[in-house]
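Participant: For the protein sequence lines, the chains are A and B, in the order given. Under our numbering, think of the first position of the first sequence as 1, with each following residue one higher. Under our numbering, think of the first position of the second sequence as 115, with each following residue one higher.
None of these hints come from the bench; they were simulated from the model. Fair warning: there could be bad hints in the mix.
Computed cross-link-like contacts, DSSO-like style, restricted to lysine-lysine with a CA-CA straight-line distance of at most 30 Å [stated by the list, open to error]:
hint, chain 1, residue 1, chain 2, residue 2
1, A, 57, B, 183
2, A, 9, B, 183
3, A, 57, A, 9
4, B, 183, B, 117
Some chain A residues close to chain B (C-beta under 10 Å, calculated; not the full set) [claimed, not checked]:
hint, residue
5, 51
6, 55
7, 88
8, 96
9, 106
10, 108
Incomplete in silico selection of chain A near chain B, CB under 7 Å [as the list claims (entries may be wrong)]:
hint, residue
11, 43
12, 45
13, 69
14, 90
15, 107
This structure is a prediction, so every number in the text was calculated from the model and none was measured. Positions of the beta carbon are idealized from the N, C-alpha and C atoms, including for glycine.
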Amino acid sequence: DSGVTQTPKHLITATGQRVTLRCSPRSGDLSVYWYQQSLDQGLQFLIQYYNGEERAKGNILERFSAQQFPDLHSELNLSSLELGDSALYFCASSATGLSYNEQFFGPGTRLTVL
Amino acid sequence: DAKTTQPNSMESNEEEPVHLPCNHSTISGTDYIHWYRQLPSQGPEYVIHGLTSNVNNRMASLAIAEDRKSSTLILHRATLRDAAVYYCILRDGRTSYGKLTFGQGTILTVHP
């Protein structure tokens with residue numbers, strides 16, 4: 001158990017819909033990361049937050065947005081869903097946002113868009 | 115980000131040592147070498163990292179070549195639970211952000 005929790009575990013929805021994925025970091029960790037894992041693209045970094053502020057952006061679509069709240073939990077919002085958005089979404093946390101800190105990953109949310 | 119090259123797959127027998135290689139010929143002086151692994155149906159898991167010197171922890175050892183253009187992750191006695199995809203990742207120590215850039219990794223199969 002990494003100490004990072006993600007809800008829900010599974011999500012099935014239809015094209016065009018909007019969903020919210022939730023992540024609670026390990027106690028004391030200030031930085032949260034979101035990653036997407038699909039069969040064709042592998043594991044890809046989406047976005048990083050540090051203590052409530054956006055720190056870095058990766059291959060995140062404009063239809064996707066995220067935020068980190070004052071209690072440090074984070075949400076990833078996916079809208080106008082397409083079939084290609086079906087993937088595993090992982091949240092990770094680290095003590096700081098620095099590059100030598102290890103990241104602790106949650107169990108993931110499996111999103112299926114029908 | 116500097117690129118890493120790993121074999122697509124490797125096989126080992128249980129209780130034997132496993133040496134997983136990684137080439138990173140374009141590594142810069144400030145790049146840390148990180149290893150993560152992903153067990154089936156789980157999120158990635160940190161294994162070990164280093165900068166210049168060899169490193170040991172309870173999970174594995176990391177041997178870094180003197181010119182830093184390659185490294186080897188060593189699992190001293192493989193168990194069935196070590197069957198996973200292993201990722202070698204370079205992270206620039208100068209940056210104030212810490213994203214991980216995953217490649218294809220090495221699929222490790224462990225035979226009983």
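Participant: Evaluate each hint against the coordinates.
Facilitator: Going down the list of hints, with the structure as the test:
{"no.": "1", "hint": "A/57 to B/183", "verdict": "holds (28 Å)"}
{"no.": "2", "hint": "A/9 to B/183", "verdict": "violated (40 Å)"}
{"no.": "3", "hint": "A/57 to A/9", "verdict": "holds (24 Å)"}
{"no.": "4", "hint": "B/183 to B/117", "verdict": "holds (11 Å)"}
{"no.": "5", "hint": "51", "verdict": "violated (12 Å)"}
{"no.": "6", "hint": "55", "verdict": "holds (5 Å)"}
{"no.": "7", "hint": "88", "verdict": "holds (8 Å)"}
{"no.": "8", "hint": "96", "verdict": "holds (8 Å)"}
{"no.": "9", "hint": "106", "verdict": "holds (6 Å)"}
{"no.": "10", "hint": "108", "verdict": "holds (5 Å)"}
{"no.": "11", "hint": "43", "verdict": "holds (4 Å)"}
{"no.": "12", "hint": "45", "verdict": "holds (4 Å)"}
{"no.": "13", "hint": "69", "verdict": "violated (20 Å)"}
{"no.": "14", "hint": "90", "verdict": "holds (5 Å)"}
{"no.": "15", "hint": "107", "verdict": "holds (6 Å)"}
The structure shown violates the earlier hints numbered 2, 5, 13.
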